[in-house]
Structure formats: structure tokens, C-alpha cells
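Asks: Listed below are the residues making up each chain.
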Amino acid sequence: MSVINAVTCPICGCLCDDIEVTVVENEVVKVKNGCAVCEAKYLGYKSKHRIRQPLIRKDGELVPTSMKEAVHRAGEILANAKYPILYGWSSTNSEAQRIGVELAEEVGGVLDNTAVVCHGPSLMGTQEAGIPTSTLGQIRHRADLIIYWGCDPWSAHPRHLERYTSFTEGRFEDSEWKSYINKVKAAAGRKKLLSAQRVAKKKPEVTVAESEAFNKPPETLQKEGRKLIVIDVRKSMTAEMADYFIQVEPNKDYELMQAMRAMVKDEDLDIDQVAGVPMEYLKEVVDTLVNCKFGVVFFGMGLTQSAGKFRNIEVAISLIRDLNLRTKFVIMPMRGHFNVSGANIVFAWQSGYSFGIDFSLGYPRYNPGETTSMDVLLRGESDAALVVASDPVATFPKKAVQHLVKHPLIVIDPHMNPTAMLGDVVFPSAFVGIEVEGTAYRMDTVPLPLKKVVEPPEGVMSDEEILKKILEEVRTIKAKNTKNRMGGA
Amino acid sequence: MIVLTPLGKFRFPVHAECINPDVFKEKSVAEIASLSVWEGNRKKKLGDLFKIEEVSDETLGITINGDVSKVRRVGQGMKAGEIVINGNAGMHLGEKMAGGKITVNGNAGGWTGSSMKKGLIEIHGDASDYLASPYRGSTDGMKGGRIVVDGNVGSDSGCYLRGGVIIVRGKAGPFLGFHISKGVIYVEKSAGNRLGASMTGGKIVVSGAIDELMPTFTIAGVKAKVKIDETFKAQGPFYVFLGDLAEKGNGKLFVSKNSNSHLKQYEKFL
Amino acid sequence: MAEILIENGFVFDPLNGINGERMDIAIKNGKIVRSVNTQKAKKINAAGLTVMPGGVDVHTHVAGHEVNTGRMIRPEDHVKDVVRKTGLTRSGVGYSIPTTFVTGYRYSKMGYTTVMNPSMAPLGAKHTHEELNDIPMLDKATFPLLGDWWFVLENLQKGDLEGCARHVAWMMETTKGYAIKIVNPGGLESWGFGRNVHSIDDVVPNFDITPRDIMCGLAKVNKMLNLPHTIHLHTNNLGIPGNYVTTLETMKALESVATDGKPVAHITHVQFSSFAGDNWGNLRSGAEEISKYINNHSHMTLDMGQIIFSDTTTMTADGPFEFTLYQLSGRKWVNSDVETETSGGIIPMHYKRKSAVNATQWSIGLELALLIKDPWKIFMTTDHPNAGPFFEYPKILAWLTSKKARLATLAKCHKKAQKKSLLPSINRELSLYELAVVTRAGQAKALGLKGKGHLGVGADADVAIYNINPETLDIAKKYKTARKAFGSAVYTIKDGQVVVKDGEIVQTVDGRTMWLDIETAEEIEIGEEMKRKFKQYWTVEYENYPVFDHYVKVPEAITVKASV
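Chains as they are written, first to last, in this note's numbering: chain A, 1 to 489; chain B, 1 to 270; chain C, 1 to 564.
These aren't lab readings, by the way, just hints derived from the structure by calculation. In this text, a Cβ means the ideal position worked out from N, Cα and C, and glycines have one as well. Warning: the hint list may mix true and false statements.
[To be verified] Capping the alpha-carbon separation at 27 Å, the derived lysine-lysine pairs in DSS-like fashion look like this:
hint, chain 1, residue 1, chain 2, residue 2
1, C, Lys-85, A, Lys-469
2, B, Lys-51, B, Lys-117
3, C, Lys-531, B, Lys-143
4, B, Lys-182, C, Lys-354
5, C, Lys-450, B, Lys-96
6, C, Lys-535, B, Lys-96
7, B, Lys-70, C, Lys-80
8, B, Lys-264, A, Lys-82
9, A, Lys-309, B, Lys-9
10, C, Lys-158, B, Lys-182
11, B, Lys-44, C, Lys-85
12, A, Lys-293, B, Lys-248
13, C, Lys-158, A, Lys-178
14, A, Lys-32, C, Lys-535
15, B, Lys-143, B, Lys-25
16, C, Lys-533, A, Lys-41
17, C, Lys-80, B, Lys-143
18, C, Lys-158, C, Lys-416
19, A, Lys-82, B, Lys-223
[Stated by the list, open to error] Sample of chain B residues with no beta-carbon within 12 Å of chain A, all distances over it, derived:
hint, residue
20, Glu-53
21, Arg-72
22, Ala-98
23, Thr-103
24, Gly-110
25, Leu-120
26, Lys-225
27, Gln-235
Using the sequences and the hints given, assemble the complete structure.
Replies: Okay, here's the thing in C-alpha cells:
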């Protein structure tokens, strides 16, 4: 039995690196410090959906084959393709991502990662407006106003508040944990009172529903210490914990942020409300923003995938820039996959661009809508694909998936996920962060080492090794093709 | 004048910056046929993809007969001459154009006339998104020239416009005229939301309905007519809005009074 | 390994006093040797050509979080300069923030063989090293940002120099760094809450320490640790009109640390710190004042930070300064503060001849280089990409060696700047010998790189051969020809291998990453106290913080014996 400390969890953008894992006979038996999702992965990665050996489609069926044959078939597909897509990359290490760039360049294809269905708009927004940001520790030490906009960390990044924001102890700010507990107790007390009043057939003083209808900013927004505001279209779990929840009309975040920008600049607006928020309350909110010591906005799919998309991020960043003229403010995207940030970073240092990179002309080109994998698929332009560390069949629109599976599809994944099930060549890979070590980048771009805590199943290789083999094979095939074309033997 | 006819249906994206009157000038058909283009990741010759004929009429022109919706960057940076496309055109048509004329008897793809400097583009069908808008991260909007679209335009058109005129006879999608600083955009039918967002100058005129006005605009008056360019004035009456206040902008939005009864509430501020 | 004999070239090797002598250079096993077997050796005929040690760049932002974020936000910069894949080289993009492969190839084509990446936030060190690994053709090193690190601030505030030295030594090894980098000391911590310091005696909020304390303290620590380079300093008030006063105060403050006539500090991109006047309207050059001081003191080295008229990207750890640029220009702005350690900012910048301010800045850089008499005190850089992209270096070489070139450019500048410029009254033109000092020998010496910047026996066989015949080409008159020659080496040799011929890559090599292995008197113990503080200060575990050995592809550990 061995207990391994300081393990970096390979699930979400929090990249918690304080996980303690107990291993007995090459199996993880206990996980300490991790959230429920972390524990589920470490204890459940050895599922029956695990692929144990390479597969190749023969006569419509996926049958086991040798690594050599699978590599050769994959190499042939890519070397001969006129416009292949190489997609995924977010759940693997930077070492594999580097090979990905080299391979995409070698085969003249489109290199893209899961940002295209997630925070691609955020990356595009920064290309228009820049981004005032910081590492997560700055939030812990200094932030007295924390805003979650269009995201729900309680569900998607469970330890975010306890590790980085409201419930952490910083050098200059304390945790709000105690006051949250008191609030929960008070709410529980109120509920008891209400139910007692109903039993006594007394008219309740105020219904729960009423108190939720556009509520006035509470006094607690004026307090010393950390404040939490949640802005969303529905009251999420995180919103339940907030000092103030602002319910914004769906698809109206852009208007709200632009109005706030004008108000930060002391402009008067001719309106009573924006995005469903009454102006008098909005004025108080803007005052809170302008008067804090250090504010931060975290945002997610609520902004990137609602009407406006990258312009929502652009205006959010512009709002933060404007706020910096009056106080200190930063903004940060809540990256989903544990190493999607890394994929963007690695792609950028090697090619200049972070996603949607088209190598077909011999040099990297980037233009979302033109060179992004989703759009290439929707226009039916690609003729082959390699998918690694992601599941586009499950996440892409139907029309894109139809085109994806119509053409040769190479899949590298630990699991027989929907994409693998429709693949033509399938490689089993080892889990990065459990069976393979490497580097990953946190949502705030801090690099962290991933540990190998157990051995992968017999014969199962890492993404990096598989990709290297495919790259070598592609080069061999291309060299042969060139020789043949030149009239050689 | 050179006539190009696609030899078949295009399957992969084709990059053909060479289809440009400046490039074809003083070249023989054989020379034109051997110009480089890309089809997917394969380098090809123009003659591999198109039938190329010369029609002697002394014009510096190119006519394309057929669907070239997958052919990109036609007329990019051209300085003179004419291109007529009898079919649908691909992305980046006339990007950074500096003179001459492009006519499309069909629809046009995204980024048509991107960062245009001078010249004339006429689309008789629809134009897609990003009409005249600059590349990612750039604020070099269309500087001059004229674009006329008979049909509809998609989203994010006329972004960062800093000169010239864009006329849309159909409808416009969202974010029309985003961050415009100078120049005129006219839409005959309706315009999508976030109209003129972040504008700092220039004019956007809409004769049809708009969904909703950005909260950062303020009413300045009502105008009976507004000049679009030397050839015409749009008939109002128009509500005149100033903004975008978030940018402390001095842009003007002219929105048809009769088609937008939901904007009546602004009259109380007059 | 192959033997090479470079025959008959005009050799400029200032560290060994060789000034254009026609001689042979012999290479064996990657080093300069006295002689080789003339039968077996590959011969390079360098008759009529200039032979210099490979270029050494003391300050260029080429790798890490800051640089990469710049890449990510500027697609419009990349499309201006695309680089195709070849059989031998990878594809990429260039212009102001080249991708890693292109960075290596382009420097190599100009005859450069060693570069220093001057800004590395320790928390992101792994990222910096991953990128350095992907820069081919060059030897590299990187400097951790320590001037606002909480452990430094706390130890210096307590007056515990030894404690500070031990922490610095630990950090240098942990991040595999090469030198102590200090940026706007005190200002970066203040920026954590949106503030800044405005003089070297301002007190840093929450820390009860001044920039003066930080700079002098770290300069002393540097001496105690016997580090090969001095502290590498970006001054307070950078980019503010009138800041030459702060720069003078800074240099005066450091006089007390200098006890043996050797330099104790290096002020980088000093052009940005040499402004006189008190607002953008009356901005003028402070070069005369700075040069006068430098000419009379020997405890400082400098590098230019020369402006190139071009669209480029500024990126520094000086968060508050980048914010000021944002307020002035309104362009897209990145800010990136790093917990416990430092800050950073990025903003695109277009330097124009017709901008009176930019043109004055352009003049200042050259005035400094020409008015400072000793070329061993001021080196040629653009603080790439802050003042301009590195591939424009040949332009600067032309300005330094040709008054004609300078005046030709000045004539196109804003009239106001023309009037204020000192250049018309400066006749000095650097010789090829002096050029070799300011582009390689001087840098290597200031950096303490024993095997670089010279062609003496035992040096690394890093050689650059340019198509300049000093006997027949008047580089002051024919500056355009000289410029072209410097932009495209006839040969670049790296570790004894020919990697560039006639300006094209003929072989790719990896290059090494140099870092300091500091031996203190006692083994540095990381006690429980430190580990506890670690957990409080950072959001990563102590165990995951270091740059492990496998992060450096081709390491070269340089042993340093500390006096602590």
C-alpha cells in the first residue's frame, strides 16, 4: 500500500493539486481532499468501457488488431487525406499536445480543441479586448468582491470557492465560511417558522416566492469582508450561497454589461430597467463594484454560449477594463476540462493560435467560422479525422457528427465512448493524471505536474506514444509516396 | 476578359488569391492556367480546377460562370478591373480591395469586402456574416468604397467601419455597425439586436424594424430625411439616437419611427 | 565530432583583444581549439568576410506566459508574417511575437547563438522552460522575477540578508533560473491593489519597505551568492516623463553596494528610463545626464531598449506601467498578476516617426549608446518586442555605425523631435570592433558566460560570419549593404556545427538551457515553517512547485559557489 500526496486531479480547470491517493496493488482504493467528481474518477476509471487493445473496422465491425496494423491504417488515412481534422486535446498532457501540432502540420490538416464548443468565444473576446486577469492566489489573498456570472461552480468546479474564493483565508481577506454557515442556519430557521405558521393556519408574513421576486440589493453588499454576487438566468446552487443573486433575462447579458460600462463612466441612461434588472438596483450594484478593494468576475457558458457569444466576453472584459480606472478588478474564464487551457497554450506557442488552426496551406491560419472544426464539418469539407482526449460525437451538432462519421475516423481514448464506437481505427490510451504523468495548465494558466499513481493496463500506451507512432508512420508513407511520384521504384 | 468555368463541383476549400485582375493583367491563358491555387492541402494549378478562356473585349475583367462558394479570396486586394461572378461567391471576396468593381449574381460568403479601402462591390443575393468587417483582433475596418447588397446580411457586418458606404436592401443580422467610427450603413428592412453597439461616430440608418435599442443610446430628436450618400436620401421620419454612451460615442442611429412603435416611449425625453 | 577550420577571415574578438586581424579559427568537438588537422577538417573560406563570436542577446522576451498570452491575443499581428514548413524547419508565424521555432530560426539567421529570456514568474517557470525547449538553434537562460516576491520583501524588511540570500538561492535552483530579475521594485506588489510606487523611497503598502531597500538588498544578496550576472533591473517610474531623475537616484543608491569596481547592477532597456521634461508635451531626452553619470562610474551596465518604428507589442512585468499605456492608447490590454510574486501586462504599440514622443524615444536610445564612451557599458537590444521586433536589429547596427543612416531616419521624424534630438551634434560612429562588443562580447561578459561572446581557445564554438569586408566596405557610408549583411549571416556555427548558410537554415539543433546550481555553505533546508508558509502564500503544493529536471530538454547546470 502506498499513499501518494500532492496529486494533481485531472478533471476540471481547478486542477486541485492537494489530492491524497491510496494505492493497493495497482488500484486506487481511497481518495482524500478531492470533490465528489475527483473521487469518482480515481475510483471508477477502470470501468468495463475501457478499451484494452487497438481496434479496426472490418466489414462494418470493430475487431481487435495489432498496434502495427492500427498505426499503419491510421497513418495511411492521414497521409492521404486532403483536408483532415485533428480534434480534441483537452484531456491529455502538454507533451501529447505538442505532438498534435507537429502531426497536424505534417498532414496539412485542421487542428482544433474543445474550446470550440466551450470557451472559444472567450479566447476570441481576448483577441478583441485583451484581458485584465491574475492567478487564483491573488483572488484568495485580495478579493473582497467575487462575482460568478453565467457559471455555477458549486456544480461544475466544486472546490472553487473553498480553494480560491469566498471560503479561503488570504493574506488580506478572511474566509466567509462562518457567515455562510450562519446564513444557512438562519434560512433553516426561517423555513421552520414558515412551516409552523402554516400548521397554525396563520397567514405567513412573506412567502418565499415574494422575497425572491426582484430583490433589492441587501445590506450585506456594504459590509467589510468578502462579498459574493451571482448573476445567472436561474437560481443555481452557487446563487443560493450568494449575498446577492441577480436574475438576468436570458440572452440579455450583453445589454446589462454595456449599460454597466456606461454607469461606471457616470453616464445617465434613459431606461428603467435593463435585462430585467431595475435601474435603481443596478445603480447600487455598480456602486458596490466601484467601491470594492479588489473585485473579480468569473464567467462560464452562460456568457460564451448565449446570444452574442464572443462579444459577450468582449463586453465583459471591457467592463473590467473600465472598472480598473476606478478600482482593482480582474476577470477569469472558468475553464472546463483540466487541460483545455494547456491545449490553447501549447498550440499558441508553436503556431501562434490557440484553436481552429488550419495547416492546409503549409503554415498556420486561424479564423473561427472558417477554420474551426465544427464549421468545416458543417460545410462537409473534411475527408478524415483524428479525435483524441474528447468526445465530439456526444457534443457536436447532429449534422457535424454525420459528416464526421461518414469519413475515416481515428480515435484515441481510454473509453469506448460514443466517438470511439463510430471510429474506424481505435487506439486504447492511458489516463493522463492517473496512469501517465505530464503537465497540465490550470484555468488561470498556472502549469502543474500530473502524477502517475498506477500502471496502465497491459499494452495500453499514452496518447503521446501513440501519436508519435502515427506521426512516424505518416512520414514514412509520405516519403514513399514522394519517391513513387518522382518515378522511382 | 477572362472567363473561368469550374470544371466540376468543389469538394474541398480552394484558395485562389490569384483570381484577381491585377494578377491576370498581361498574362496569356496558358500563364493564367499555371497560376498556383490550393485545393485542401494540395497545391494545384488554376487550370486544374477551371476552364479558362479569353474573350477579346479589351476589358480588364474576369467573369466566373458557376458555383464558387468554396473558392476563397477572389479579388483580394485588387486595385483595378472588374470581376463578375454568375453564381455564389466564397469567403473573403474582395478583401482589402483598393479599387475596381466586383459583382455577384448570387450570394456571397463571410468576410466579403473585409477591410475594403476603395472600389465597388455589388451582391445581388445575400451576403453572409462579417461583411466589410476586419480580421480577428484588428480594428482596421472598411475605409472607403461602396458595398451594396440586394438581399440580407448576416451578423457582425460593418464592424469598425471608418469610411465608405454600405447599403443593404434586405435585413441585417445582429451587431450591425459594431464600433463604427465613421461612414454610413443603410438597411432598408429590419436590423437585428445590438445595433450600433460601441459605436463612436458615423451613421446607421434603418428603415425597417429593430428588435430593441441598446440601453446605452439616448434620443436626440426626430428627422424627416437623412442623407446616405450622393445618390440618395432615406425617407423618414426617423428617431435619431446618439451613442454608444459606454464608449462616450458620438455615433448616430436613425431608426424608422413608423416601423418601431415600441420606441415611442423615448419621445418623453424629447 | 567534425573539425572545422575557418580560414582567413577578419576576426573581431574583443574579449581577446582581436580587432579585425586576418586569422584562422579552429573548431573541434564543439569548442574553439588552437589548431586542427588541416587534412581532415572541413574548410570554410572566410576571406573577405567578418568573423565574430555568435551573437548574445542579454534581454529578449521569447518564452513563457507573458509572451504566449501576447501571441494568443494578436492574430492580426501573425497574419502579417507567415512562415511555411520546409523539409527541415517547422512552420509558424513571426512579426512582433514569433512562435518558438521561428524565434530560433530567425535569431540564428542573424548570427545569434545565445539569448536571455529576462522575465519569468516563478509560478509559471515550467511553462517558460517548456517554451524554451521548443526554441531551437540557441542556448538560452531565463531570469526569475524576485523583486516583489513576498519572501524577499519580508526578509529584507527584517534586515535578514542571509535569510534572503538562502531563499533566493532556493528559488534560483527551483525555477532553473540564471539571474535575479527586478522590475519596478515595490510597484508590482502595490499593483496587487491597483497602486504603484513613484520614487525609490516610497513605502510599499502592507510591507514597510522601499524600492531602495529592495534593490540594494538584492544587489548585496547577488554578491553573497556570487552569481555570474548582476541584478537585472527595470527601474521604477519607467516610461514616465522626467524619470531620468529616478534612474540617477537608483544608480546612486547602488554605489554603496559596489566595493570592488565591478558592476553590481544592470539596468535594462534604459531608453525607457531616460526621459526628461515633465509631461508628454515637453518630453525630451535625459540621455546626456545619464551618459555623464555612466561615463564617471563603473558599477553599472546597461542595455539600450532601442525603438524601431513599427507596430509591435509591449510586454513587461510592470503591470502598472502597462496600465498607463492602456490609458494613453485605449488599445487591447492584458494584465496578469501572479500571486505572491509579481505582475505583468501586455499592450500593442505602434511607434511612429510622426509621433513627436516616439521619435524622441528613438533618438534617446541612440544618444545613450553614442554618448556613453565605453561600449562595454551599454549593449544593443530592443527589449524585444517592447521597443521593436528583434529581426530589425540590423537597422540599429546601421544607426550605431553610420551618422548618415541616423540622419536619414531623423529627417523623416516629427519636426519637434528633430529639433530636440542630440543626434545631429553627435559624430561618433561605432567601429566593427565596438559593434562586436555591444552585440556579443559585452553581453557575455556582463552575464558572466565564460564560454560565450569570444573566440579564444576553450570557448563554445558559436561563430557568426558576415559578408562584410572591412577593407573594402565603408559601413558608415554603405550602411544599407551592411544592414543586409548583418540580417543574413553567411555562416552561423553553433557548437561547431554549421546551422546557417547564406541566411538559410541548413541544420537544426536544440541548444541548451543554462541554469545555476548554487552551492551554499550549508545545504538549503526547507523546514516545516517554510512549507507551512508555502501553503498559505501559494495555491499550489510545495511539492509541485519546482521545475523538475525532465522539464529542461538539454540542461547545462552552471555551478556557483556562494559565500553563504
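Asks: Would you mind marking each hint as holding or not holding in the structure?
Replies: Structure-based check of each hint:
{"no.": "1", "hint": "Lys-85(C) / Lys-469(A)", "in the structure": "holds (21 Å)"}
{"no.": "2", "hint": "Lys-51(B) / Lys-117(B)", "in the structure": "violated (31 Å)"}
{"no.": "3", "hint": "Lys-531(C) / Lys-143(B)", "in the structure": "violated (59 Å)"}
{"no.": "4", "hint": "Lys-182(B) / Lys-354(C)", "in the structure": "holds (23 Å)"}
{"no.": "5", "hint": "Lys-450(C) / Lys-96(B)", "in the structure": "violated (52 Å)"}
{"no.": "6", "hint": "Lys-535(C) / Lys-96(B)", "in the structure": "violated (54 Å)"}
{"no.": "7", "hint": "Lys-70(B) / Lys-80(C)", "in the structure": "holds (24 Å)"}
{"no.": "8", "hint": "Lys-264(B) / Lys-82(A)", "in the structure": "violated (57 Å)"}
{"no.": "9", "hint": "Lys-309(A) / Lys-9(B)", "in the structure": "violated (34 Å)"}
{"no.": "10", "hint": "Lys-158(C) / Lys-182(B)", "in the structure": "violated (59 Å)"}
{"no.": "11", "hint": "Lys-44(B) / Lys-85(C)", "in the structure": "holds (18 Å)"}
{"no.": "12", "hint": "Lys-293(A) / Lys-248(B)", "in the structure": "holds (26 Å)"}
{"no.": "13", "hint": "Lys-158(C) / Lys-178(A)", "in the structure": "violated (34 Å)"}
{"no.": "14", "hint": "Lys-32(A) / Lys-535(C)", "in the structure": "holds (17 Å)"}
{"no.": "15", "hint": "Lys-143(B) / Lys-25(B)", "in the structure": "holds (26 Å)"}
{"no.": "16", "hint": "Lys-533(C) / Lys-41(A)", "in the structure": "violated (31 Å)"}
{"no.": "17", "hint": "Lys-80(C) / Lys-143(B)", "in the structure": "holds (19 Å)"}
{"no.": "18", "hint": "Lys-158(C) / Lys-416(C)", "in the structure": "violated (49 Å)"}
{"no.": "19", "hint": "Lys-82(A) / Lys-223(B)", "in the structure": "violated (56 Å)"}
{"no.": "20", "hint": "Glu-53", "in the structure": "holds (27 Å)"}
{"no.": "21", "hint": "Arg-72", "in the structure": "violated (8 Å)"}
{"no.": "22", "hint": "Ala-98", "in the structure": "holds (21 Å)"}
{"no.": "23", "hint": "Thr-103", "in the structure": "holds (23 Å)"}
{"no.": "24", "hint": "Gly-110", "in the structure": "violated (6 Å)"}
{"no.": "25", "hint": "Leu-120", "in the structure": "holds (25 Å)"}
{"no.": "26", "hint": "Lys-225", "in the structure": "holds (25 Å)"}
{"no.": "27", "hint": "Gln-235", "in the structure": "holds (26 Å)"}
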